[in-house]
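Protein chains in written order, with this note's numbering: chain A, 14 to 310; chain B, 337 to 677.
If you are wondering where the hints come from, they were derived from the structure by calculation, not from laboratory data. Check before you lean on any hint, since a few could be wrong.
Some, not all, of what chain B presents toward chain A, calculated at C-beta under 8 Å [claimed, not checked]:
id : residue
1  : 441
2  : 453
3  : 489
4  : 498
5  : 500
6  : 504
7  : 531
8  : 535
9  : 537
10 : 539
11 : 621
12 : 624
13 : 629
14 : 635
Note that the Cβ used here is the ideal one computed from N, Cα and C, for glycine as well.
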Amino acid sequence: MALFLQRVIDGIGNGMLYGAVALALVLIYRATGMVNFAQGEMAMFCTFVTWKLADHQFGIGLPIVVGIAGGVAFGFLFGMALERVVIRPFESADHLRQMIVTLGLFLAINALAAWIFTADTQRLASPFPSGALHLGGVSLSYQELGVVGVLLVMALLLRELFGRTRLGLAMRGASMNPESSRLLGVDVSRMLMVGWGLSAAIGALAGALVAPAVFVSPGMMQTLLLYGFAAAVLGGFDSAPGALVGGVVVGVTQALVSGYVSAIGTQLQLATAFALILAVLLVRPQGLFGRVPVERV
Amino acid sequence: MNKTTNRILWAVLLGALVLAPFFVGTVEISAFQKVIYLSVAVMSLNVLTGFNGQASIGHSAFMGIAAYFTALAVQSHGWSYWAALPASVLVAALVGAAAGVPALRIRGMNLALVTLGLAMVFPQLPVRFTEETGGTQGMILDESLGAPAFLAVSDVAWRYWVLLTLAVLAFWLVRNTRASRLGRSIIAIRDQPIAAHTAGVNVAATKISVFAVSAGMAGLAGWMFTVTNQFVSPSDFTVLVSINLLLGMAVGGSGTLLGPVIGAAFLHYVPDAVTATGIDPVLTPVLYGLVLILVVYFLPGGAAGGLAQLAKRFSTARKPSPPAGEPARPVSQLTSSTPNP
Numbered sequence: 014m015a016l017f018l019q020r021v022i023d024g025i026g027n028g029m030l031y032g033a034v035a036l037a038l039v040l041i042y043r044a045t046g047m048v049n050f051a052q053g054e055m056a057m058f059c060t061f062v063t064w065k066l067a068d069h070q071f072g073i074g075l076p077i078v079v080g081i082a083g084g085v086a087f088g089f090l091f092g093m094a095l096e097r098v099v100i101r102p103f104e105s106a107d108h109l110r111q112m113i114v115t116l117g118l119f120l121a122i123n124a125l126a127a128w129i130f131t132a133d134t135q136r137l138a139s140p141f142p143s144g145a146l147h148l149g150g151v152s153l154s155y156q157e158l159g160v161v162g163v164l165l166v167m168a169l170l171l172r173e174l175f176g177r178t179r180l181g182l183a184m185r186g187a188s189m190n191p192e193s194s195r196l197l198g199v200d201v202s203r204m205l206m207v208g209w210g211l212s213a214a215i216g217a218l219a220g221a222l223v224a225p226a227v228f229v230s231p232g233m234m235q236t237l238l239l240y241g242f243a244a245a246v247l248g249g250f251d252s253a254p255g256a257l258v259g260g261v262v263v264g265v266t267q268a269l270v271s272g273y274v275s276a277i278g279t280q281l282q283l284a285t286a287f288a289l290i291l292a293v294l295l296v297r298p299q300g301l302f303g304r305v306p307v308e309r310v
Numbered sequence: 337m338n339k340t341t342n343r344i345l346w347a348v349l350l351g352a353l354v355l356a357p358f359f360v361g362t363v364e365i366s367a368f369q370k371v372i373y374l375s376v377a378v379m380s381l382n383v384l385t386g387f388n389g390q391a392s393i394g395h396s397a398f399m400g401i402a403a404y405f406t407a408l409a410v411q412s413h414g415w416s417y418w419a420a421l422p423a424s425v426l427v428a429a430l431v432g433a434a435a436g437v438p439a440l441r442i443r444g445m446n447l448a449l450v451t452l453g454l455a456m457v458f459p460q461l462p463v464r465f466t467e468e469t470g471g472t473q474g475m476i477l478d479e480s481l482g483a484p485a486f487l488a489v490s491d492v493a494w495r496y497w498v499l500l501t502l503a504v505l506a507f508w509l510v511r512n513t514r515a516s517r518l519g520r521s522i523i524a525i526r527d528q529p530i531a532a533h534t535a536g537v538n539v540a541a542t543k544i545s546v547f548a549v550s551a552g553m554a555g556l557a558g559w560m561f562t563v564t565n566q567f568v569s570p571s572d573f574t575v576l577v578s579i580n581l582l583l584g585m586a587v588g589g590s591g592t593l594l595g596p597v598i599g600a601a602f603l604h605y606v607p608d609a610v611t612a613t614g615i616d617p618v619l620t621p622v623l624y625g626l627v628l629i630l631v632v633y634f635l636p637g638g639a640a641g642g643l644a645q646l647a648k649r650f651s652t653a654r655k656p657s658p659p660a661g662e663p664a665r666p667v668s669q670l671t672s673s674t675p676n677p
């Protein structure tokens, strides 16, 4: 029982990170209707910025918390710049072309990171103390607790932003009904740009939080991206709370499956995410929280 | 470009390719072999995405399945390459058909997600079964596809001709299918799925068949990969390979026959050209990414589409202008779908 609980808890810890990646994907999807395949690589690039700011040997050696803040701020600007320069010309293009463009970004950002920073695997310090809290037979590491805490705070802040601030409401309006928003004086293009910035910043935060566990390298976010997709699909792809809940479900499922099904083990963990994506899309394409799209023919 | 010149051009190109082993060295022939299997791989994606409008980031997996099937059959089970050829193509096609069934319900971006999952999971399979496949180290095949004894040709030239023949057959199949009733249904499903359905096209069956044929063709490219390299490893079939195939399709021109050849040549020769200019080869994918985005923006028809437009401009320039009073309308305003040269 303790082992089971332990696996569930570890699953929740990982799942919140998947949820954060999913949230980043959902924000862009809701704002621009695009599935951003470059999301993981953008987060990876920002994590390298954090590493450069915080590392004592190769970087500036700032405190890790400052480094993360710098990476997140960079992410915000980076996301806005990408939207303005690369994405905006394809705002009204068909899905296939949008997909190809974000895949082009994927290639370019991945290689650019290897060239600017390094292709080697690097270590990034954790902002949380090592050690763990022992409750009964279960141990909660401070790392896990810290990750869950930070991401919950982030989720609450986002809820405030989208629920109560002028900017957040304008952003929602711009994505839900661009025409009316324009009539009300909302700069729709700028709102989409802010949406990309916000999404990239969330990705940067997720990258920095996952880095102590998976290390920093150009490929660090690629498996996380698939888990993020699984979480987003499970949550309905257009629901922010759904993304986080979906992340936790994916995390727990993955921990339990790889713990109890020996044929899957650690090497085939990704297959769990793949199976989840497939199952959800076949059985309930709108996910747990999504709306059923009604199409007028 | 009219039909006759088109045919003459294809014949000249083919003749030059057939005779190539007599004029160029082994290194170039090996390079040609790679271009050939890349052409087939890009064409397989083109069949699915370019003609039928279904997105796939999973073609590296279909290639990998056939390549690994061939490697395991030849190296561990004593099959000949020839026996592995139909079997590996069939296996890839079956997996493709299985992937095509969810594709009926899962469309657009969601299909891309599912195939992305396929592409990401596949390289982990050889690692999971390291004892049989050599894991991340990959596996080297001791046997090679040699020329039959009664033909006095080198093994390299023989392999090249085998690949060339199979590729020509595959392209010929695609060409003839496109002109058939089935081909028109496939394209109709891409452009107007609902209208195609109304006109009596069995959308579901057609989509699954296209997925299976496309995956089988990717499998053929996988078999060619193993024949060419006598080596397979998980890193040869990562998701990046799938993205490269998409790049090849976009650069060459989707929905065309010549496009995949141009795209494959681009994929094979550009990295060398980049290195030759003294730019750090690490940056090649950056160039790829930029080219991909620029092509999609400025040249949606790819190189083949651009060439066709150029040819059209030349041939219409010589014709007398239409009588005054009736303004000439460019073709692009009459049809909304992408041009199919």
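To see whether the hints hold, each was checked on the structure:
1. 441: 6 Å, holds
2. 453: Because about 4 Å separates residue 453 (chain B) from the closest Cβ in chain A, which is inside the 8 Å limit, the hint holds.
3. 489: 39 Å, violated
4. 498: At about 32 Å, which exceeds the 8 Å cut-off, the nearest Cβ of chain A leaves the hint on residue 498 (chain B) violated.
5. 500: At 29 Å from the nearest chain A Cβ, residue 500 (chain B) fails the 8 Å test, so the hint is violated.
6. 504: 28 Å, violated
7. 531: 11 Å, violated
8. 535: Result: violated, 15 Å to nearest chain A Cβ.
9. 537: Violated, because the Cβ-Cβ distance from residue 537 (chain B) to chain A comes to roughly 17 Å (cut-off 8 Å).
10. 539: For residue 539 (chain B), the interface hint is violated, since the closest Cβ of chain A sits about 14 Å away, which is over 8 Å.
11. 621: Result: holds, 4 Å to nearest chain A Cβ.
12. 624: It holds, given that the least Cβ distance between residue 624 (chain B) and chain A is near 5 Å, below 8 Å.
13. 629: 4 Å, holds
14. 635: Violated, because the Cβ-Cβ distance from residue 635 (chain B) to chain A comes to roughly 12 Å (cut-off 8 Å).
Consistency with the previously given hints fails for numbers 3, 4, 5, 6, 7, 8, 9, 10 and 14, ordered from lowest to highest.
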